[in-house]
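Chain by chain, the residues run as shown.
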Amino acid sequence: MKGLPYKIAGLLLIIFSLTYGLWTEVPELPIIEQSIRNLFYHVSMWFAMVAMMAASFGNAIGFLSSENMARDRRSISLAETGMFFSVMGLLTGMLWAKFTWGAWWTNDPKLNGTAITMLIYLAYFVLRNSIDDPRKRARISGVYNIFAFVMMIVFIGILPRMTDSLHPGNGGNPGFNSYDLDNRLRLVFYPAVLGWILVGTWIASLRYRLRTLEE
Amino acid sequence: MKKQIALMSVLSPLAAAAQNDSIMYGNDKMNVVIGVITIIFIGLGAYLFSLDRKIKKLEDEK
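Respectively, the protein sequence lines represent chains A and B. Residue 1 is where the first sequence starts when you use the working numbering, and the numbers rise one by one after that. Residue 216 is where the second sequence starts when you use the working numbering, and the numbers rise one by one after that.
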């Protein structure tokens, strides 16, 4: 099997985060308390999503500069996988928010920014499905993908940092670094992020290969 | 509200242990849950592997 080492490494890293993440001692923080462990699971969904969208963006540029249809297939497969991670991140975030902030949904700029980002990517899928000619579809959706990625950076990376937000690292709140400085959290968080990115790459590659077969 | 308190006490092992000394509230039972999570995830990994193999077979046929 091609790429077997990275597939196994990804699975093992996630298993490590699922087990050691619950065994390890965590710093005592007000309100979130034990739920800080969600850092390993909820936050890594978003890191995986951004990585998938970035790879999708890179492949969109790759298609536009090479006209190679395989790049377009990679681009859409990665975006679909990224969308899966963002749905998972949103659902897990809502549950966590209910028990720490007291509501399933708040008007936090990061939450609304994420909702807009997801709508932008949903529009990307609708746009693709509405064009029959494959080359035309690849070119138009490639250009749209660039726009979508830049908007994602603005909505979840820049705007929430400029106003008050309940999320760490935004507005007047301390960044994750102030928690992260705790090496016990770091030891699980970084492997979890890497593991999910590897498994996400795997899932995207399966979708890409299926798409190639369908053509 | 009552439901929420009940749910929170389930989610917080310390609070639950304080009001209930049943054996399943013991600290070591956490490992049972970790075991369940691990089994599910390994199953998911095995599923990905089988999908991968099926796609490989289709690719070889082409």
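Calculated directly from the structure, the hints in this document are not laboratory data. By construction, the Cβ of each residue, glycine as well, lies at the ideal position given by its N, Cα and C atoms. Be aware that one or more of the hints could be misleading.
Which bits of chain A does chain B cover? Going by a derived footprint, with three or more residues having C-beta under 8 Å, they are [said to hold, decoys possible]:
1) 99-105
2) 110-122
3) 183-189
Below, a list of computed lysine to any residue pairs in the SDA-like style, where the Cα atoms sit at most 20 Å apart [as the list claims (entries may be wrong)]:
4) A/7 - A/47
5) B/244 - A/7
6) B/269 - A/62
7) B/272 - B/260
Evaluated hints:
{"no.": "1", "hint": "99-105", "result": "violated (count 1)"}
{"no.": "2", "hint": "110-122", "result": "violated (count 0)"}
{"no.": "3", "hint": "183-189", "result": "violated (count 0)"}
{"no.": "4", "hint": "A/7 - A/47", "result": "holds (18 Å)"}
{"no.": "5", "hint": "B/244 - A/7", "result": "violated (31 Å)"}
{"no.": "6", "hint": "B/269 - A/62", "result": "violated (29 Å)"}
{"no.": "7", "hint": "B/272 - B/260", "result": "holds (19 Å)"}
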